[in-house]
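Just so you know, the protein sequences line up as chains A and B, in that order.
Read in order, the letters of the first sequence correspond to residues 1 to 332 in my numbering.
Read in order, the letters of the second sequence correspond to residues 1 to 544 in my numbering.
These are computed hints drawn from the structure, not numbers from a lab.
Worth double-checking, as some hints may not be accurate.
Said to hold, decoys possible - Below, computed lysine to aspartate or glutamate pairings styled on EDC-like, alpha-carbon distance capped at 20 Å:
no., chain 1, residue 1, chain 2, residue 2
1, A, Lys50, B, Asp316
2, A, Lys50, B, Glu319
3, A, Lys181, A, Asp328
4, A, Lys152, A, Asp212
5, A, Lys321, B, Glu39
6, A, Lys33, B, Glu319
7, A, Lys181, B, Glu42
8, A, Lys193, A, Glu210
9, A, Lys188, A, Asp144
10, A, Lys254, A, Glu67
11, A, Lys33, B, Glu488
12, A, Lys321, B, Asp228
13, A, Lys193, B, Glu488
14, A, Lys321, B, Glu42
15, A, Lys33, A, Asp273
16, A, Lys324, A, Glu185
17, A, Lys33, B, Asp308
18, A, Lys254, A, Glu68
19, A, Lys324, B, Glu39
20, A, Lys324, B, Glu36
21, A, Lys132, A, Glu210
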Amino acid sequence: MKLVLLATTALLLAGTSLAQSNTSLTIYSGRAKTFVDPVVQQFEKQTGIKVNVRYGTDAQLVAAIREEGARSPADVYWGNSVGALGELAAEGKFSKLGTALTRNVSDDYLPDNRTWLPTTVRFRTLAYNTAKIKPADLPDSVLDLPKMTSLKGRIGWTVSYPSFQDFLAAMISKYGEATTKTWIEGMKALQPKDYKTSNVGMLEAMRAGEIDVALTNHYYIQRVNRLSYPIETYFFKNGDIGNLGNATGAGILKTSKNQRAAVRLLQALVSKDAQTFFLSVNFEYPVIGNILQPTTMLPYADIIKRSPRIDPTVLPKNIEKAQKLLRDAGLL
Amino acid sequence: MISRRPPLLLLLPAVLTVLGVLLPLAYLVFRAFGAEASELREIVFRTRNLELAGNTLGLTAAVLACTTAVALPLAFLATRTDFRPRRFLMLLGVLPLAIPGYVGAYALIAASGFGGTIQALTGINWPGPSGFWGALGVLTLFTFPYLFLNLHAALRTQDPSLEEAARLLGRTPWQTFLSVTVPHLRPAWLSGALLTGLHVLGDFSVVSLMRYPTFSAAIYQQYTAAYDRVYSAWLALLLLVLTAAVLLLEARLMRGVSLSRVSPGGARQPTTVRLGWGVIPAWALVLLLTGAALVVPLGTVVYWLTRDFDPAALVDLWEAAQTALGAAAVAAITTTLLAFPLAYIGSRYGQQHRWARLTERAAYLGYATPPLAFALALVFFSLRVTPSLYQTFPLLIAAYTLHFVAEAVGPIRTSLAHATPRLEEAARVLGLSPLQALTRVTLPLIRPGLWVSAAFVFLSVLKELPLTLLLSPTGFDTLARNVWTYTEEAQYAAAAPYALALALSGALLTLLILRRETGKASPQGQQSTPHRLPEASPQQGTPL
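Required output: the full structure, derived from the provided sequences and hints.
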């Protein structure tokens with residue numbers, strides 16, 4: 001009995017010290033482990049700084065950072081979308097970044113007040129099953145997608161996925177809440193299938209014949225192209241909201257006690273090695289120049305023209321509005 | 001003579017258990033009402049809440065109906081017929097419990113559809129399960145053991161003389177079954193149904209994977225997809241209210257049920273029904289169940305494992321297994337330690353004192369609280385009140401302990417019933433202090449019960465998902481967590497090794513417990529301890 005008690009105390013203490021002994025960096029990552037882990041391991045090897053990563057969705061981690069306030073264990077937030085990053089930046093959670101860090105980074109998505117650093121760029125698109133759909137039959141604008149009654153029950157979307165909510169927020173920025181509401185309701189009437197946050201699951205379902213078109217990010221289609229799925233990319237007309245470009249990025253929390261180590265981590269994220277890795281593993285566009293792209297991808301200069309220009313600073317407020325519209329429609 | 005008043009030291013754990021569960025929940029209420037009045041009105045009167053309540057209750061009722069339809073015939077076959085091999089029926093009735101719902105859901109999703117196992121092996125594009133029917137199917141397949149174990153024990157120990165009397169009075173076998181056997185199963189059914197119901201109310205993983213919105217699924221979705229947590233807190237509160245209503249209903253249905261024998265009666269086996277041609281539908285049921293609950297899940301996991309095996313993943317698997325086994329071991333010890341005083345008070349003082357019975361029931365408080373609601377409450381509470389515990393291993397262990405202590409009370413209670421207090425009294429008379437009497441006489445006697453308790457909690461923690469997802473320290477990857485993350489992303493091959501490790505360790509533990517439990521069911525022990533899994537035996541079925 002005494003032995004058991006002792007053993008328990010020892011184990012509990014060991015657990016506590018394991019959880020607390022690190023004076024290293026903690027990343028809250030909305031990005032998936034597949035993209036984060038190799039870069040982090042490389043960083044640990046090069047710098048000797050130990051890195052802990054807490055994975056979650058953007059919204060979950062943003063909510064956690066808010067709840068935690070000054071007690072947040074996070075040093076760096078690495079998010080999937082301009083919206084989540086802008087949300088934290090708007091609340092004054094991020095330290096301002098030095099020009100040494102931002103000098104070589106494309107300024108398409110770099111916020112003017114340099115509160116966070118873009119790490120890659122991705123675009124919204126429509127994926128379609130090449131065996132079932134002719135691209136000529138698809139609408140010029142995503143706003144006309146609700147009119148495609150022939151696609152009833154055959155459309156996939158990911159309502160809980162941050163990029164999707166960013167897209168709705170951008171629609172609110174450009175066309176207002178009423179138009180967005182109508183669009184959501186029109187889409188709902190077509191009985192789209194909701195794959196929550198799983199774009200991979202959605203494209204698997206497209207291959208399985210459950211759906212024929214899907215609103216997704218460009219790189220998911222690039223990925224399944226390599227597995228020779230019968231799935232291709234459809235871009236809407238230039239400047240259409242359905243081609244919205246979005247950045248992933250990282251910011252350093254003001255509450256972090258490891259500011260310098262955090263700057264080194266951000267430097268590593270926009271290094272040539274890391275940028276090449278993001279492109280090769282996930283087909284995301286680099287934010288620095290001189291990186292060779294696969295020919296299946298549109299060159300960055302072309303694709304950025306297809307995306308509308310949206311003021312990123314209003315996105316956070318509009319994401320809350322978009323989430324409310326989705327809740328009102330009974331979708332979230 | 002033992003003093004009538006229990007040592008205060010023993011009461012402390014009960015108080016801690018109650019506070020540990022109620023304080024965070026109280027803070028959840030506080031948080032939920034923290035929003036502005038207009039926002040509150042808008043949140044509480046959302047029509048979505050009604051829809052979620054309807055879905056949640058509908059699914060719970062449907063799962064109860066379906067699990068009964070599976071468990072009752074199976075339990076009957078295993079206890080009252082000449083179906084052979086009986087041992088296999090027992091395994092079939094228990095083993096699905098080793099497979100967590102999300103692993104089952106993962107397996108059935110990955111088995112069906114284009115490119116799934118079934119199509120790869122047979123060429124048939126079997127439609128994937130989803131929505132209400134998908135959730136119902138998976139929950140039925142992997143929760144029916146709760147009912148099976150209870151019904152099995154009840155059918156085996158029912159006094160055969162009642163049925164014989166009915167037959168002598170001219171009833172047909174079928175009439176006898178309906179008018180005598182079935183009504184006597186009510187208490188066993190109710191306690192099994194309560195466990196099943198609590199499980200369905202608290203499950204978020206199966207319904208999320210099947211895309212069927214219930215309260216738990218909605219809490220999880222809000223938690224992961226909204227920047228604001230007030231609505232999550234409200235959904236958790238509404239789920240708590242719904243759970244309380246179900247508990248009250250169960251307590252009401254249980255009231256006044258007294259079907260125990262007045263006299264011991266003869267320790268005879270009930271008569272055996274000869275199946276004859278009935279053996280064909282019996283085998284059909286058994287084979288169907290074996291296929292759906294055991295062969296398809298395991299086959300799918302193995303298929304995906306061999307299809308895309310990456311040896312590099314073994315390193316991660318090993319780390320996740322270490323983390324999971326370590327946490328489960330620590331939680332098993334702390335939970336058993338907490339359960340012992342609760343069971344002891346209930347067993348030694350419960351006969352005379354109402355408060356002692358209440359103390360023991362405190363254990364069920366944490367078990368009945370839907371885990372996602374509890375985890376959310378603990379997140380809020382620990383951040384505000386005990387920030388140094390936030391995202392730490394001790395807090396996670398505390399959460400496991402409070403949630404699973406009810407599972408550990410049962411077996412300890414059963415062994416205490418066998419270790420008569422007279423022995424303790426004798427030890428006291430011979431000059432031992434109360435503590436010495438406890439450690440030198442009682443504890444050695446109930447050691448088997450302690451082991452079963454620990455094993456049970458170990459298995460439960462290994463499978464546990466919601467508490468782990470919300471409360472674990474940064475970088476804390478367990479088997480369960482990995483299965484969940486990869487399945488949510490439809491990376492079936494990546495999820496396979498973790499799912500297999502979970503299912504195999506679960507099956508191994510279940511078999512060990514089963515052996516231990518059946519091994520000690522000697523003829524004279526049968527009446528007082530029908531062999532049933534401890535978690536399926538809340539005292540008189542009312543957990544609160």
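A quick look at each hint next to the structure:
1. For the proposed pair lysine 50/A and aspartate 316/B, the alpha carbon gap of about 18 Å is at most 20 Å, so the pair holds.
2. A distance of roughly 17 Å separates the Cα atoms of lysine 50/A and glutamate 319/B; the hinted pair therefore holds under the 20 Å criterion.
3. Between the alpha carbons of lysine 181/A and aspartate 328/A the distance comes to roughly 9 Å, so the proposed pair stays at or under 20 Å and holds.
4. Using a Cα cut-off of 20 Å, the hinted pair lysine 152/A and aspartate 212/A holds, with the two alpha carbons roughly 10 Å apart.
5. This hinted pair checks out: lysine 321/A and glutamate 39/B have alpha carbons roughly 14 Å apart, not beyond 20 Å.
6. The straight-line distance between the Cα atoms of lysine 33/A and glutamate 319/B is roughly 15 Å, inside the 20 Å bound, and the hint therefore holds.
7. Restraint check: the Cα-Cα separation between lysine 181/A and glutamate 42/B comes to about 18 Å, which is no more than 20 Å; the hinted pair holds.
8. Proximity of lysine 193/A to glutamate 210/A is assessed by CA-CA distance (about 9 Å); at most 20 Å being required, the pair is judged to hold.
9. Restraint check for lysine 188/A and aspartate 144/A: the C-alpha separation of about 13 Å stays at or below 20 Å, so the hint holds.
10. This hinted pair checks out: lysine 254/A and glutamate 67/A have alpha carbons roughly 15 Å apart, not beyond 20 Å.
11. For the hint linking lysine 33/A to glutamate 488/B, the alpha-carbon distance of about 13 Å falls within 20 Å, and the restraint holds.
12. Taking the CA atoms of lysine 321/A and aspartate 228/B, the gap is about 12 Å. The hint holds against a cut of 20 Å.
13. Pair hint lysine 193/A plus glutamate 488/B holds up; C-alpha atoms about 15 Å apart against a cutoff of 20 Å.
14. Under the criterion of a C-alpha separation no larger than 20 Å, the hint pairing lysine 321/A with glutamate 42/B is consistent with the structure, at around 15 Å.
15. For a cut-off of 20 Å, the pair hint linking lysine 33/A to aspartate 273/A stands: about 17 Å separates their Cα positions.
16. Straight-line distance between C-alpha atoms of lysine 324/A and glutamate 185/A comes to about 13 Å, which keeps the hinted pair within the 20 Å bound.
17. Restraint check for lysine 33/A and aspartate 308/B: the C-alpha separation of about 19 Å stays at or below 20 Å, so the hint holds.
18. With a CA separation close to 13 Å, the supplied pair lysine 254/A and glutamate 68/A stays within the 20 Å bound.
19. Note on lysine 324/A and glutamate 39/B: the hinted pairing holds, with a Cα-Cα distance of about 12 Å set against a maximum of 20 Å.
20. With a C-alpha separation of about 16 Å, the suggested pair lysine 324/A and glutamate 36/B falls inside the 20 Å cut-off, and the hint holds.
21. Note on lysine 132/A and glutamate 210/A: the hinted pairing holds, with a Cα-Cα distance of about 12 Å set against a maximum of 20 Å.
Taken one by one, the earlier hints all hold for this structure without exception.
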